[in-house]
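S.K.: Now for the letters of each chain:
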Amino acid sequence: MSSPVADAVLAPATGAMILAAFSLLWVWLGWWFGRRAKGLDGYMLAGRKVGLALGTATAMATWVTSNTTMAAPQLALQMGIWGMVGYSLGSVGLLLFAPLARRIRALMPGGYTSGDFVRLRYGKTAWRVFLGISLFYGLGWLVSLGMAGGVLIHALTGIDYRIGMSVILGICVLYTLLGGLRAVIGTDFIQTLIILFGLVLLAFLVLDRVGVADMHQAVLAERPQLLNLLFPAAIMFLFNNLLFGIGEIFHSNVWWSRAFAFREGVGFKAYALAGIFWTPVPIVAGFLALSVPALGLNVPAGDMVGPLVAAELLGAGGAALVFVLVFAALASSLDSLLAATSDLVLQDIYRGHLRPRASQAELAKAARLVVLGLGVLTWLLCLPRLTTLAELLYFTGAFVASTIWPIAAGLYWRRVNPTGATLAMLLGTGAGLAGYFLIGFYVAALISAAVSMTVLLLTTWLAPRDFAWRQLAAGQEVA
Amino acid sequence: MTLSIDGLTLLIYSALALTVLAPLVLIGLWFKDRNKDTLW
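Protein sequences, first through last, are from chains A and B.
Just so you know, numbering that gives the first Met the number 0 puts the end of the first sequence at 478, numbered straight through with nothing missing.
Just so you know, numbering that gives the first Met the number 0 puts the end of the second sequence at 39, numbered straight through with nothing missing.
It should be emphasised that the hints constitute simulated quantities derived from the structure, not laboratory data.
Glycine residues also receive a C-beta, built at the ideal position from the N, C-alpha and C atoms.
Wrong hints could be hidden among the right ones.
Covered by chain B, per the in silico footprint, the following chain A stretches (three or more residues, Cβ under 8 Å) [said to hold, decoys possible]:
1) 142-150
2) 162-176
3) 191-200
4) 204-214
5) 276-282
Label-pair distances were calculated between CB atoms; the ranges are [as the list claims (entries may be wrong)]:
6) A:124 to B:4: 54 to 62 Å
7) A:411 to B:34: 30 to 38 Å
8) B:5 to A:463: 16 to 24 Å
9) B:30 to A:105: 37 to 45 Å
PhoX-like mimics (lysine-lysine), calculated; alpha carbons at most 25 Å apart, straight line [claimed, not checked]:
10) B:31 to A:364
11) A:48 to B:31
12) A:268 to B:35
13) A:268 to A:123
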């Protein structure tokens, strides 16, 4: 007897065929895009000549994770309108990073990582604290994406968790290894188009089959709280998500490496456009869930809403479409994170701490070994499928939100002093963690950002220091 | 306070319009930029 969940799941053989076909496509494209990469700049930063189309697409694709496509409908089903609108406010981080990207490119035209900036702006103590936060977050996000890959492939096709996780991770490692950031950015462009066209197709089908009037009527009759504009838990989620997103983007090398890689004059426009075009994605993915009451679907697991609705409307073709879409969303984030975290390890740990005099050739060789090593480490951490690790990302909110003010103020305000920035990160993280354990995950980022800001303002007021911006450009080559 | 049917329609259709526009703009920008983008 067929059930809605069984219809939403592809046969393992079909799933394996789609997985194999797209894996080959990504690896071939990765090799093709990366074939002209020359030297360390070519491999790590795509030659610093990325244009507006590819720049916008890579920022969008990286921020559209498997969570955006799978968790947005779940949030809409749990928190209603504010769930999906709150999720879409994740775009504020991209929009606010637009002026920062322009400033970063202007101040450090030869920079490599966000770690470079913190080291040159605040000195070695702040740099090491920042590296601790950033690497912890980077690895946490990598592991959660690797695990999400295995879990989703299993849920959508029945393929074993370990096989699915190994394939998605292996594919991303392979094409990042072959083509560096050029491969990542090139594949991101294609993946963005797949995600957007897939979502639009699903949305049109829902509107054609159900329509807004029936959807509204059914939700109002069965789950009226989903249309409630004064849903307190959802409004709190909205603010925490906003700050978490800003913290993630401001500090992470994923976004800094792109600011360095974009051609001059591209950074601001690329991030602003990516922010504008990313905003509706969680709403389009999320509103599919509002059709559940009208379609009369029984949803046993929240994160299966998208596949269930697609299978109801399109049958096996819908399940295949969702699988391709989720695969593209996963790969586009996983490859970016892999490349950017590897850059941070290479530039700030290997070159910064172990081999300061390493030649460009040695670094180019080490870059590939770091990608491979990071891939293996992520695979090992994903292997036991510890569900607690999936919650690691909520936990990192306390860490990343403490970097918002040291980064933003450090880029624009000469008077911020290194001790203040270090204390802001340490005390902000400490307070955020206390909030996480004593109150709940939804206040961790909020408290961390508030304490960090207070410490930064207070220490700058008590002990202002002059900083010469030219030091950033002058020191970026020397670790 | 409940979101009206007009509010829901506006939210969904404006989000959808922007999502339709995004790939068209990306392809247009790529076409305009294709000789300058060193990846291709």
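S.K.: Decide, hint by hint, whether the structure agrees.
M.R.: Status of each hint after checking the structure:
1. Coverage of the segment 142-150 of chain A by chain B is violated [criterion: at least 3 residues with CB-CB distance below 8 Å; count 0].
2. Proximity of the segment 162-176 of chain A to chain B, defined as three or more residues with a beta carbon under 8 Å from a beta carbon of that chain, is not established by the 0 residues found.
3. Counting residues of the segment 191-200 of chain A whose C-beta lies closer than 8 Å to any C-beta of chain B gives 6; at least three are required, and the coverage claim holds.
4. A count of 4 residues in the segment 204-214 of chain A with a Cβ less than 8 Å from any Cβ of chain B is obtained; the coverage claim is therefore met, three being the minimum.
5. For the segment 276-282 of chain A, the stated coverage by chain B holds: 5 residues have a C-beta nearer than 8 Å to a C-beta of that chain, and at least 3 were required.
6. Separated by about 57 Å at the C-beta atoms, residue 124 of chain A and residue 4 of chain B satisfy the suggested range of 54 to 62 Å.
7. Evaluation of the 30 to 38 Å hint for residue 411 of chain A and residue 34 of chain B yields a pass: the beta carbon distance comes to about 35 Å.
8. Distance hint check for residue 5 of chain B and residue 463 of chain A: the Cβ-Cβ separation is about 53 Å, which falls outside the suggested range of 16 to 24 Å.
9. Between residue 30 of chain B and residue 105 of chain A the beta carbon distance is about 28 Å. The supplied range of 37 to 45 Å is therefore violated.
10. Restraint check: the Cα-Cα separation between residue 31 of chain B and residue 364 of chain A comes to about 35 Å, which exceeds 25 Å; the hinted pair is violated.
11. For the proposed pair residue 48 of chain A and residue 31 of chain B, the alpha carbon gap of about 15 Å is at most 25 Å, so the pair holds.
12. Only pairs whose Cα atoms come within 25 Å are accepted, and residue 268 of chain A paired with residue 35 of chain B is accepted, the gap being roughly 16 Å.
13. At most 25 Å may separate the alpha-carbon atoms for a hinted pair to count; residue 268 of chain A and residue 123 of chain A exceed this at roughly 33 Å.
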